[in-house]
Structures are given as C-alpha cells and as structure tokens.
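Participant: Each chain, written out:
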Amino acid sequence: MGKTNSHDKNKQSQVKNDFVYANKAQTSIYLEQPSVNNPYIAQNNFLHGYDVTELMQKQSFVSVLLLLFTGELPHKNKVVLLERLMVALINLGPRHPAVKASMVAGVSKANVEHLLPIGLSVLGGESNGAKEVEKSMLFLQSNINQPINKVLENLPLKTPDNNLGEFHICPGFGNQYGSVDEFSIKIVDSLIPEDTNIEDFAYILWAQRFAKSLYQYNMGWLKTGIAAAVFCELGIGAREAVGLFQLVCAPGVFAHGVEQTHKPITAIPMLSDEQHIYTP
Amino acid sequence: MSETKYWDQRNHQIFSQVGHWQGGVDVNLHHYSLMNDLMKNATLMQVHILNATGKHVDKNIANWIEINFMGLSYPDSRIWCNQISAYAADTNSTCVAAVSAAILSTDSRAYGGSQTTFSCMTFLDNSYRRYKNGETLSSIISDQRTKNGKPIIVGFARPIDKDDERLQPYELMQKELGIALGKYLKFAKALSEYLDNHYSLTINSGGYASAFLLDQGFTPEEGYNIKAYAVASGAVACHRNLATSSANSFLPLKCVDVEYTGKAIRRI
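In order, the protein sequence lines correspond to chains A and P.
Note that my numbering has the first sequence beginning at 1, numbered continuously upward.
Note that my numbering has the second sequence beginning at 1, numbered continuously upward.
The following block holds chain P by itself, in its conformation from the complex (with noise of 0.2 Å):
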C-alpha cells in the first residue's frame, strides 16, 4: 500500500492559517476578532490587505492603497477589462459575471494591477539591489528586453501613450496622509528620470505602486494578492451602463471591420 497520511489527514478537514468563522460567535483573522477588532476600527481596505497578505498595516497606508485602486477602475468602457464587462451587458449576462470575466482579464502581463504589480516589484526589488552594490542604471536597464530600441520594464510604460494622470495625486496623497519617501520610491524616481532622458520613458501608477508596496515591506506575491480585484469597481459601471440597451449595441462590427488575412476559399 502507498503511504497515504498526507491525504488521510485532509480528507474531510481543511487546515487554515488564515481565519476561521465560528458560527454565531465571532471570525478571527490572523488573530483579530472581526466583529470586535476590525468592524469597530478598521477599514474595508485594511481588512482586505489583512485578507490578501496576512498583514495588519496603519490606515494611512490603507488609505493610499485605495487611492490606487481608485485609479485602476475607471468608468470608461475603451479600457480592456471594462470592454469585457461592456460585452457581458451586451448579452445581458450578469454583472457579477461581467466583473469576474473583466478581473480575469486583467490576469495579464500588459496591465491591470495584479500581474503587473508582480512583475514589477520583482524588477524594482532586484534592480534596487544591484543599485545599492554599485551597479549602474544604464547596466541595470541593459538586461531588459527591447522593443523599437526602448527597455520593456512594466511599471515604466504604459500600453496607452498620454502621461499618467494618476501620478500627481499618488504624491500629493502619501505627503497628505504623512507616509514618508522610501527607499525603493526614491530609486524608481531616480530610474524614471534616467529612461526619460535616455529613452523617453517615465513611470506610471503601476511603477509608482510597486515602489510603495515594497516601501511598506510587502513582497511581490503580496502586490499580486492586494491587486487582485484592483478594477471591479469600473467594471461594474461599464456593466451599468449597457445594462439596458438592445442586443448588439456595444461596438457593434461590420462584417468588413474585421480584416480576413487567412487562406483563400477552397472546397474540400
């Protein structure tokens, strides 16, 4: 007989690390007493981040935190995830349904919060330690990727070409609600200005974020978990806003509008 013990012991128990709901009683998480401890003195976006990384942080940092997130969901239905919500109208699917489709496609490498934060604090946690044993930006940017002669470094880019909007009031918030520099928001800066002038690249909320999160001594996997419904909140007002129209409205396409560059007709 093969050695089953492993499976044997979670056969019909779940072990957790991360909460327990004791019916009619209390939720502890990660030993806070929900209904004594953070209903009466957290914030939604505190427990959240309780949820997502096991960590209790300060309101002033939650509060930055949602101000991210403010400026990873707009109502604007032009955006990828937002479309997808916008389709899922366009059916008359649901709205729970167009926003779990709208945070699925955000799962992406190109934008959305959650694998771009990822990535980029990977980036910067590496990039910021070569820095400090003396290496040169030039020689750190060096390794990336290129594309059309520019680094492809997430964080640093942004998959539509206008200036981020987001950047000045993430600034003006962390001095408002008292959050100092830190170290990895003054080198991203420091790295922002040197692709600026050398390729005329800047940072972007993303790369602004990333810095932030490991300036508070989140990891990588952390950043991922903390944006991983970054956009619903968008979503669900571009869900709203075809909610009632007629099947087809959303971008409706000419047969025409899609350019064929397959095979010629042929019979079998």
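Here chain A stands alone, though its shape is the one from the complex (with noise of 0.2 Å):
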C-alpha cells in the first residue's frame, strides 16, 4: 500500500481563534527560584510563600499538608481533626473494593509500583469512593442551614424496591451491608480534639444529627461522609477533597498490596466453574 505524505504538502489548514492557550503554565502554589548556574535548577522553593526548608524544621506534615490545599497554615484545631481523620482512614481494611483491588494485582504479581495508582482508580468511585466524598460535601454544604426534619422529607427513607443492595440515601450517608456502620459511629466519636467540642465543628455537628436521625431507618454514617464533614471543616475545595481523600486512604491501599506480592498467586481464591453463575 502506497504512503501519503501529507506533511510534505505543506496543507494550509483553516486556523480559528476559539482557543488561545497560554504561553506558559501558572501556579499559586509553588515558587522555583532558579540557581544562578542552571536554569533548570531550583536553588529555593517556597510552598505559598514559605520556605520549604523553613516549614521542614517547624511544622508537621499535616499542618503542611493543610497549607498545601487552601494556601494557609492551619489552627492547631484543624490539624488535630485531619490527623485524627488520616489514621481512622489510613487503612479501609482488606474488604474495601479498592484493596482487594490492589491485592488481588499483587498477588497475581502485578509490578510493585502499579499497586497504588490500581487501588486509588477503583477508590476514586461514587459509591464508598473519593467521589462520594465530594458529593458529599456539596450535599453538607447546601444542607447546613437547614433543618433536618426538612432534608429528610426530600429523601427516599425506605430503601427502593428495586435496591437489592446497599443503598445510599444520599452521598456520605447510608447503609453498609444493609445496616448502620457501626465503626463509623466510633470514629465520629472519637474525632473532635479534647480542647473544643462538636458544637465548635458545625458541619461534624449537623451531620452527626443528620446520621443519628437515620439510625431508625438501619443507615447512619459512611466513612465517606466522614471525611466530607472533616474536610467542610478544614475548608477544602470539594474537588480537592477527591484527591485528598485518596490520598488519606493510600497507605493501607498499598500496604496490602505489597504484602500480597510475597505470597504464592494462589494465595486468595480462584472460583471454580460453578461459583460463577452466567445467565447471558
């Protein structure tokens, strides 16, 4: 088959100027001081202003996470309550889809490095995923002057007929296995900093009400409604909170993956024939 080079035709093509990109990329975030030596080079960096050597030496990870998402050093409050979040969600457990997720490729033995991007795509889901998270916080954010009794009576109490499953009543909020999630319950309870109480966190306050009110109905609190309410109160963007509650979850993400790689590929089950049932 012949080969036509169109490139050598030198082909005017009809330019339009819907579209004008920019000459050079921008950020707010971060400042790379070029060495005098190499342009390539920084000599400093500087995150929102501070010195990163500077924030190295007196302010924890946390609190430099914080200033990473909303451009400000956190009250001490703040990074109690992230801190808090970031062990109660450091590892879903060896049940949420996204650790099978990257359990299951280290044991087929997947390479090492793919486990993590694996899990956090499965976690980045609208059901028990990062993406609820963000719902979640839209949800928070528009309901929070309202009464609950009013933002009940917009919502489908009785799970749907035709819901067989778990049902989330709305994002952050629901069923698990078809009953309240009890540890959820526990981590709640254990969230607020000693020095303040939940009367000082207002979206963790009528959340809390709000998921109490569903207990009559077996729903109560997921833990991405958790993390939505913590991150209402940190004052973070609901699209950063995506990435942020992915990032929260990764540890035990990978941890559970890279155990997995030092065992055997038969180390979780194949289902026989008969455990998988086709009706085309």
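Take these hints with a grain of salt, some might be off.
[Stated by the list, open to error] Over the 10 Å line for every Cβ pair with chain A, so calculated as not near, a few chain P residues:
1. G19
2. G71
3. D143
4. K189
[Unchecked claim] Straight-line alpha carbon distances no greater than 30 Å define the calculated BS3-like cross-link-like pairs of lysine-lysine that follow:
5. P:K254 / A:K131
6. A:K24 / P:K150
7. P:K263 / A:K78
8. A:K131 / A:K150
9. A:K100 / A:K76
10. P:K263 / A:K100
11. A:K100 / A:K131
12. A:K78 / A:K131
13. A:K135 / P:K147
14. P:K263 / A:K24
15. P:K5 / A:K186
16. P:K147 / P:K175
17. A:K58 / A:K100
18. A:K24 / P:K254
19. A:K158 / A:K135
20. P:K189 / P:K175
21. P:K186 / A:K131
22. P:K40 / A:K212
23. P:K40 / P:K5
24. A:K158 / P:K5
25. A:K24 / P:K5
26. P:K40 / P:K55
27. A:K76 / P:K59
28. A:K263 / A:K78
29. A:K76 / A:K158
30. P:K186 / P:K147
31. P:K55 / P:K263
32. A:K131 / A:K212
33. P:K263 / A:K58
34. A:K186 / A:K131
35. A:K109 / A:K135
36. P:K59 / P:K147
37. A:K212 / A:K76
FYI, nobody ran anything at the bench for these hints, they're computed from the structure.
Small disclaimer: the values here were computed from a predicted structure and weren't measured.
By construction, the Cβ of each residue, glycine as well, lies at the ideal position given by its N, Cα and C atoms.
With the hints as a guide, bring both chains together as one complex.
Facilitator: Okay, here's the thing in structure tokens:
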C-alpha cells in the first residue's frame, strides 16, 4: 500500500481563534527560584510563600498538607482533626474494593509500582469512593442551614424496592451491607479534639445529627460522609477533597497490595466454574 | 440480626451476564462461542463491541468504528493523553503504565472519546427529539451554556482550532462500507450548518461518531464503553518515542517557564 505524506504537501489548514493557549503554565502554589548556574535547577523552593526548608524545621506534615490545599497554615485544632481522620482512614481494610483490587494485583504479580494507582483508581468511585466524598461535601454545604427534618422530607427514607443491595440515601450517608456502619460511629466519637467540643464544628455537628436521625431506618454515617464533614470543616474545596481522600486512604491500599506480592499467586481464592453463575 | 441474604448469595459467588470462561473448553460471550464462532468469523472490533455493549454488530459497522478509533489515536506527543504517556516514558515507567495513565486522562469532559461521546450522544438524542417535536434549532441551541458568546456543545467545536481532518475519511468510508446516512447524522449535519452560519462552529469527529453510534442503535452509555480505550494506540507510540531517552528529556522546563502567581515570600 502506498503512503501519502500529507506533511510534505504543506497543506494550509483553516485556523480559527476560539481557543487561545497560554504561553506558560501558571501556579499559585509553588515558587521555584532558579540557580544562577543552571536555569533548570531550583535553588530555593517556596510553598504558598513559605520556604520549604523552614516548613521542614517548624511544621508537621499534616500542617503542611493543609497549607498545600488551603494556602494557609492551619489552626492547631484543624491539624488535630485532619490527623485523626488520617489515622481513621489510613487503612480501609482488606474488604474494601480498592484494597481488594490492590491485593489481587499484588498476588497476581503486577509490578509493585502499579499497586497504588490500581487501588486509587478503584477508590475514585461514586460509591464508597472519592467521588462520593465530593458529592457528600456538596450535599452538606447546601443543607447545613436547613433543619434536618426538612432535609429528610426530600429523601427516600425507605430503601427502594428495586434496590436489593447497599443503599446510600444521599452521598456519604446510608447503609453498609444493609446496616448502620458501626465503626463509622466510633470514628466520629473519637474525632473531636479534646480541648474543643462538637459544637465548635458546625458541619460535623449537623452531619452527626443527620446521621443519628437515620439510625431508625438502619442507615447512618458512611466513611465518605465523615471525610466530607471533616474536609468541610477544614476549608478544603470539594474538588480538592477527591484527591485528598485518595491520599489519606492510600497507605492501606498499598500496604495490603504489597503484602500479597510476597505470597504465591494461589494465596487468594480463584472461584470454580460452579461459583461463576452465568445467565446471558 | 440484619437481613444479609443479598450479600450472602455473593459471598463466594459471581453472577455474570456478560460471559463465562470454562477452563480447557471454551469461552461464551452473550451466547457466542469465542473459540467456534467469534475467532473464526468476527473482527477484534466486533468482539470488543460485543463485550462493551452486549450487541453483535455487522462487520461493516465495526469496521467504521475501527476507523473512528484510528481518528482518536494519533502518534503526536502534543495531544494531552500522549503527553502523559511521554512523561511516563521520561521517568522510564513501563509502556503499560503510560497507556493506562493516558487512557485515564481521556476520561475527560473536554476530549478523548469516552466521556465526550456520552455527552454528545445524550445531547444529540435529546435535541433530535425536540427537533422532531417542532422546536427550532435556534431554540434548542439557546439552552446551552455559552463561552465568548458561542454555545458549548461537545462534538461541535474542538479545543484545537482547526477544521477536523477526520470528517472526510469518515464520510468516505461510511459510503464505501455501504452504511446509510441515518436520521441522527442528518440532524447533526443540519445542526452543524446552523452553528457554522451563526457561530462559526462545525461538527467534529466526536459529533460525527456520536451521531453514527446513535444511528446504529447504541445508547450514550454504550458509546462511552465502546470508546473506553480509544486513545491507547497513539499513547503506545508516544511512549516508544521517548523510551530510550535520558531522564528529563521530554519538554524540560526552566524554573521561569512556570509563572508563579501566588503569595509573596513570607516567614512562619
């Protein structure tokens, strides 16, 4: 087959002006001051205006994490709140789909460097994943000034008949395997810093009352809802919260995946033909 | 105790409607035998469409969609997904990582094939119904969000401002493959003409392919699934292009090449 080299024809294509691209990328987060010897080498780095080496010496990781996403160093209470959430979510456990995905990848000998991206892709979802956190934040932000019974009036408090499995009545709240998620209740009970009380955290307070009102329907807090309420308190943007949730949950996703790489490929069950029910 | 029957049934069982592998014997996809039917008679694109939608389409339809895939996967590292693949090559990440990252990056509302196909098919389907019910194109367009005074309609503009070189081969191959112009494509062309006259916007590859898929009876969800990895081939090429280069070879930036717009330097 002959080849047509359209490049050589110097064909003039029609150019419009609807899209004007920038000459440079812009960022308000990070300043890299160039070395006098090599313009590609940075001499000093500044995060939202603060010298990174000064941050290293004077601030905790969690403080700098909040600086990264909010642009300002946080109050001590906010640091404690995020740190507690990070401990709570450091490992979603070996039964969460994102962790299971990482484990299956690990045991089936995927390259180790792929385990975290694999797990975090699964963790991006709208059900028990990062996308649910984003939606839950938007739900909380649009309802925080509403009386809870008013909000409940607009929600389907009974699981729809066509929904046979897990039911999330709104993003961040619902049942887990058909029941109230008991560990989520314990997380919320351990979340608030000692020298404060829940009344100091308007979003968590509202969400706690909302969750309690759902108990009678066998629903309540989901972990995504807890993350959403905390991120609202911290002044994190809903879009930023997507990645922050993934980041917070990442250690357990990877730890479980890499643990499996040390085991034989037979270490996780492979279902038999009889256990794969096919109804085309 | 809570009712857990739904989860108990699935505790150590998978329920599938899409296919079944019987080790050492065969694989079944929606009633078709992979070994005896599909491997002998079907193209890869037909099997992909069967997996993506559950529909076994004629070979000429699959061939046209294959041409559409060619139009979504250029070996040019300026295109966003391919840039990502090239960055992966720059850090010596594997080609599979590069392609996976490139495919993920095209799950985008701006370009790429899958999400844009879903949006455009949804828009065209709704708009066509309204048009058939007597609404004018002007009225249909007036609902759309605008930017710089022009309606934002996925499939009828392009983030690169050049006429779309893919339309001509699409039309030509559709004719050669004996695929009639359907109602959605006719409508999309009429809409393109209207948009060209009023806003200097014309149909692009995504708009054409979306109308084509609607004409073949696919839903927007099926269109999304069919296009899920459409950019993969060009991403492989762009990884290969950089695979043997030294680190930091692809589009290296000087510090001043990124404009800082943030807070002034301050002390803790």
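Participant: For which of the previously enumerated hints does the structure constitute a violation, in increasing order of number?
Facilitator: 1, 5, 9, 10, 16, 17, 21, 22, 23, 25, 27, 28, 29, 31, 35, 36
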